[in-house]
Amino acid sequence: MSLGSLLTKATGACALYMSLIDSNRFGIAFKNKNPQAKIAENFPDIYIQSKMMDINQSYLPTIVSNTKRSYLNFRLQDSIMPCIHGITGYFSGIYTGLVHNAVPIALGIGALAFKRAGKYCAIGLGLIAAKTLFYNVLGIGQYKKM
Numbered sequence: 001m002s003l004g005s006l007l008t009k010a011t012g013a014c015a016l017y018m019s020l021i022d023s024n025r026f027g028i029a030f031k032n033k034n035p036q037a038k039i040a041e042n043f044p045d046i047y048i049q050s051k052m053m054d055i056n057q058s059y060l061p062t063i064v065s066n067t068k069r070s071y072l073n074f075r076l077q078d079s080i081m082p083c084i085h086g087i088t089g090y091f092s093g094i095y096t097g098l099v100h101n102a103v104p105i106a107l108g109i110g111a112l113a114f115k116r117a118g119k120y121c122a123i124g125l126g127l128i129a130a131k132t133l134f135y136n137v138l139g140i141g142q143y144k145k146m
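Counting from 1, one number per residue, gives the positions in the sequence shown under this note's numbering.
Just so you know, the hints here were simulated from the structure itself, not pulled from any lab data.
Keep in mind that a hint or two might mislead.
To be verified - With beta-carbon atoms standing in for the labels, derived distance ranges: (1) Lys-51 <-> Tyr-143: 47 to 57 Å; (2) Ala-29 <-> Ala-130: 19 to 29 Å; (3) Phe-74 <-> Lys-9: 33 to 43 Å.
Positions of the beta carbon are idealized from the N, C-alpha and C atoms, including for glycine.
With these hints in hand, go ahead and build the complete structure from the sequences.
What follows is the structure in structure tokens.
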């Protein structure tokens, strides 16, 4: 195995590893955000529903309002649904991370799988890394933000 082939394989493996790490971080961020977003989405409606009196309901209004209040308290103290929302948020974040890193993942697989085309994939990964370094890290080519 030549040095160029070894560098190509190492570049592909490093790109796959970094893409998977980045996808895991997306998953963790979405896991932390998703339960809060679901609470903010659902709880105002549950709260308003618990405070409304149904005008057409002429029988047992106190029992109905107590039941609505109990349901609101149950939802406020629930720990199962935030856990489920955290799990679904993690997998949603993993998916989003994989979509955002589709090009580096494809080039990394190409660098690992192919002999001749693998070198071109490694060059493509190097160009992406250089673009990211200059544009995102060093700020060369970006407009000045105020």
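Between the beta carbons of Phe-74 and Lys-9, is the distance compatible with 33 to 43 Å? For Phe-74 and Lys-9 the Cβ distance comes to about 56 Å; the hint is violated.
In this structure, is the beta-carbon distance linking Ala-29 and Ala-130 contained in 19 to 29 Å? For Ala-29 and Ala-130 the Cβ distance comes to about 27 Å; the hint holds.
Cβ separation of Lys-51 and Tyr-143, checked against the hinted range 47 to 57 Å: At roughly 49 Å between Cβ atoms, Tyr-143 and Lys-51 fall inside 47 to 57 Å, so the hint holds.
Consistency note: the structure conflicts with earlier hint 3 alone.
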